[in-house]
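Asks: Chains as they are written, first to last, in the numbering used here: chain F, 1 to 350; chain X, 1001 to 1683.
By construction, these hints were calculated from the structure, which means they are not laboratory data. One or more of the hints may lead you astray.
[What the hints assert, rightly or not] Calculated from the model, a selection of chain F residues having no Cβ within reach of chain X, i.e. all distances over 10 Å: (1) 105; (2) 161; (3) 233; (4) 265.
[As the list claims (entries may be wrong)] Computed beta-carbon distance windows for the label pairs: (5) F:281 - X:1676: 37 to 47 Å; (6) X:1676 - F:50: 29 to 39 Å; (7) F:281 - X:1675: 57 to 67 Å; (8) F:268 - X:1579: 19 to 29 Å; (9) X:1579 - F:219: 25 to 35 Å; (10) X:1579 - F:38: 18 to 28 Å.
[As the list claims (entries may be wrong)] Chain X residues, not near chain F, derived (Cβ > 12 Å throughout): (11) 1068; (12) 1116; (13) 1174; (14) 1176; (15) 1177; (16) 1592; (17) 1670.
Beta carbons: idealized from backbone N, C-alpha and C, even for Gly.
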Amino acid sequence: MITAIDFGCSRIRSAFRNPEHPERLSLFAERCEYALLRNTEPHRRTLEERQISYAVCEDSLAVVGNQAEQVRWLSRLPCTPLICDGVIPADDPPARQMVHLLVQAILPEPSGSLNLCAITLPGTADETPYAIRNREFLCRLVQMAGYEPLIVNPAEAANLAAGSSTAFSGISIVMGAESTEICISRLGRALGTLSLDVGSNWIDSEISRQFRVHSWDEDGACYLDLENVRAWKQRSEINLRHAMGERERMMLKLYTVVLDRVTRAIVQLLSAESLRGSLQNQRLGIMLSGGAVKTAGFASLLTERLIEHQIADRILAVRIAPDPDIAVVRGALIFAELEARSRAGESVAA
Amino acid sequence: MDGLRKFTGIVAIFCLMPAVTISALANDGRSEDTCAVIGDVARPNTFRCEADQPLSLNAALDAAQMISENSNVLLIRASGSQQWTEVVSRGSTVAGPVLMRGDVIVVSAVGQTRTGFQPNAVLIEEGRPVVLALQTSSSVPVVVADVLLNCQLPLNRVVDVQLISAKPGRSRRSVQPAFEVEHGDVLMLAAASIRPTRAGTGFRPMVSEWSGENSGAAENRTAEASVNPELQSSLDASASMSPGIPETPGPVDAGGVLSTSSPALAIPQPFPAAFSGSAGGSAGDPELEPDHPDQQESVSGDLSVQMVSSQYEKKSGKAFPSISSGADIAELSSILPVAASLQENAPVPPRETPAAAEVATGMNGWSLAFIGGLLVAGGLIVFGWLKSEAEMRAQRTVSMNTLRGSSPESVSVADNHSRSLSQIQPLKAVSGKDSESVDHSQKPASPKIDTEPPVQLSKREGIVVSEPTAVELVQKSEWFGGDWIRPSSQPVTPNAGGDGSRQEAAIASEVSIAQVQPVSVPPVSVSPVSHQSVSTVTTQMAAVPLPVSAEGQATEIFSDLNDLIANRLPVDLCEARLPLRVSLFGRPAGPRRLRIDAGHTQLAGPHMSMNADRRRSNHSVTATVASSAGGLSAGGLNTGTQAGSAHPSESKEKLEAGPGISEPVKGMASLDRALNFLHEQGE
């Protein structure tokens, strides 16, 4: 069985071929958060009547995944992310177990002799202790599900998923909730990658902080109401090129800050000695993936930043990948299938 | 009588069609300074690129007629050393670099193509490209030996033939005579190779004339959609590599090389109807209609091997005569050594000059019969081209297997563009052992063992998941704690032996067109498979064979990989089924509270003597941390503190608030001042 999991800070997605219909893809996308409820009899009864899965955690009830949004009205607390700032929380044991629950739920039963699962890791891809701990924890979860983990870079995966029209060459940018991955590839081979610890969550939290979009629980504790900001973004259909109002202009500034960092990172990558030799001033296309790029005007704003940083002459086009949300997990699945194919060929040769 | 002999000869040729047919496409052989455009274009050809009439890349592509909106263009300089690729759009107005003598442009269509094209390749001999049309209608593939023989290059005198290809998996290297030549390949004879003797083969002189469609093609182009006008203008401005070169295909029109206004040679394109479906320029043009048996045969495209007129010019030192200008075909045949060779070897009746004279004088019965035969031949060709692409590829795959079954050499890679992945057979077997059981009876007929020395790999890539760090994160009481200690009941094959050898083989056989630099990303130490190996797999997708498993279990895995890559598979969004009720260990942290620094109720005195560092440290002391879980008190406070200290992005959150926090802050501010005073006194 060949599968892929995209461990995102916003959603955990898995993709695999339907065992009964290999010509179709099965996709799971679960919100990577849980809602906390009071552990009272009315709450339990409400959940059981609605057939909502829940977990009992000492004096609280936790509803994880997509169902968390459904029960949020039962509590004044906002949902808690399972992967906070791109890191598996060290101080939240139930969150770790919920991640395991989700992994078990969205992975199919392993079958056959080769069970391979390509995974993308949340947060920045570096060698910090947090990243190492993430990696080992998530790999272990996948192993416990009976799969062999195969770690892939999200940007490389997105390039494989959406780069067929450009011979898998160009710059792939995946802007997620907590991190932004950049990869420059040539004919499917990654020449350089770079990871930034900024994503759409930072923009949402800044808007929430600047405009005091808060929520309070029963005890009067204050929280940033990020869900409210996200709903506003989705509801308003904001176009970054036509920002109207104070909040939209603030969002435009924040996006500009993020894209400035992205553009500087691209400049840094392109100026690397190894890439200069390989690319030879070749003009590259940019393929955008991830949930944050769906904001209207994103590609145009990035183009503006490219011009501002005087690297527009190195760019051929700026495009948004088809289905940017699932491009990473689909690319990871392609990675896994290619790896399986390679191993099968090897076994035949042996 | 001559006409009868000619007709019977043609019929015989149709009946005994050679298995491999290579045609040197019409070349503009009037100049030594030529460059070639091959690949996925409607009209592969050579063009003049002289110093006084510079030819830009875009103009050459215009003339060759790209068949898709976007194409990957590989430019190979005459030396073969300089290569670069670029995605060129039909709507692009960028002139591109100026082509030089001996340049070869290999075009690979991206996305849907508008029309078909004839498989072609190019042979670079002494810096002069010769475009070849490959007839692949038969089951036998074209190999290098065919090309050399048809180019009158004796195999025993050829020193080295280099292959340059734009396709993944076909890097530049020396190839053997039995190596299969595929569409878009560039064969380059090394400098030490022989100078061919132009005698004794089936090349036939043929030249072509452009039916210019540059303006129309330019009008029909669509602009690159995603780049806004500012960027486009910036790109255009910056991409103009030579200020003297106009962006429009001016050299084509002005130079007359590619112009339709003043054709130098009025001999039609070799296959206007059959292969260039959108080539409307030749349709209905009386000057471009076949008016000579020679050209009529060449229109069929598969009668014989043909020779470029440039060879004639090179040998004779005279300009190639134009038929329309009244040149005598007999004279042409007598002075052209190719024609003499044609008489010896070609199955066509040798005396062609009288037939040409007949055509020149008028139509007769035999001519009509010949035209009828020609129409039949054209119909056969059109029928062949109307076959689906999948069928063509299937035939090619079968022919490849046939070739490899009898070929003594190892062919390691195949192209990724023109073949369906699901039809690719094992091309190269790698050394190494795998723990999986393999049904050897289903192996390919003659898998070749790669004897290349294995590449030393970093030990990091084989490291298995280390135990300690993850165990530290998970406590035993967590509900998967039991499974955590015993990771998996199923044996997970991490990377023992076989994977290393596989990776070695993958790296050893890795092909890179332009010798790209190694990946700068450090390999992942945990994953059994590193990025690098996966990228390698990506670049040689076509080289990966289909699984031939005894259990047949993996066959469903590999179906429709192309569809998956092209995002054509329908997606079923499923809903995860979680256990209805489960007990989890531990206290949830809950959402993170908004941390607000309490304001100083009473302003402290001036801190003139404090330096910035001290002030900062004191501020950090005043920051307090609140519990994050709702309803949690002391435990939550401790937890929040740990999280705050352990969290990398805690610096983002600067604020903290809590009921009744103003008093402690006030007290702490006083304490700060007292501590600072004591500190200064101590100093």
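Asks: Now tell me, hint by hint, if it's right for this structure.
Replies: So, going through the hints one by one against the coordinates:
For residue 105 of chain F, the shortest C-beta to C-beta distance to chain X comes to about 4 Å, within the 10 Å cut-off, and the non-interface label is violated. Separation of residue 161 of chain F from chain X is inadequate, the least Cβ-Cβ distance of about 7 Å not exceeding the 10 Å criterion. The beta carbon of residue 233 of chain F is kept farther than 10 Å from every beta carbon of chain X, the shortest such distance being approximately 20 Å. For residue 265 of chain F, the shortest C-beta to C-beta distance to chain X comes to about 13 Å, beyond the 10 Å cut-off, and the non-interface label holds.
The hinted range of 37 to 47 Å is not satisfied by residue 281 of chain F and residue 1676 of chain X, whose Cβ atoms lie roughly 58 Å apart. Separated by about 59 Å at the C-beta atoms, residue 1676 of chain X and residue 50 of chain F break the suggested range of 29 to 39 Å. Under the hint 57 to 67 Å, the C-beta atoms of residue 281 of chain F and residue 1675 of chain X, about 60 Å apart, fit the expected range. For residue 268 of chain F and residue 1579 of chain X, the Cβ-Cβ distance of about 47 Å falls outside the hinted range of 19 to 29 Å, so the restraint is violated.
Range check, residue 1579 of chain X to residue 219 of chain F: about 31 Å between beta-carbon atoms, so the 25 to 35 Å window is met. For residue 1579 of chain X and residue 38 of chain F, the hinted distance range of 18 to 28 Å is satisfied, since their beta carbons lie about 21 Å from each other. At roughly 10 Å from the closest C-beta of chain F, the C-beta of residue 1068 of chain X falls inside 12 Å, breaking its exclusion from the interface. A cut-off of 12 Å between C-beta atoms confirms that residue 1116 of chain X is not in contact with chain F; the least separation is 20 Å.
Under the 12 Å C-beta cut-off, the non-interface status given to residue 1174 of chain X relative to chain F holds; the minimum distance is some 22 Å. For residue 1176 of chain X, the condition that its CB be more than 12 Å from all CB atoms of chain F holds, with the nearest at approximately 21 Å. With a cut of 12 Å on Cβ distances, residue 1177 of chain X stays outside the contact zone with chain F, its closest approach being about 26 Å. Not every C-beta of chain F lies more than 12 Å from that of residue 1592 of chain X, the closest at about 7 Å, which undercuts listing it as non-interface.
Against the 12 Å criterion, residue 1670 of chain X stays outside the reach of chain F, whose nearest CB is about 27 Å from its own CB.
Going down the numbered hints, you'll see the structure goes against 1, 2, 5, 6, 8, 11 and 16, while the others check out.
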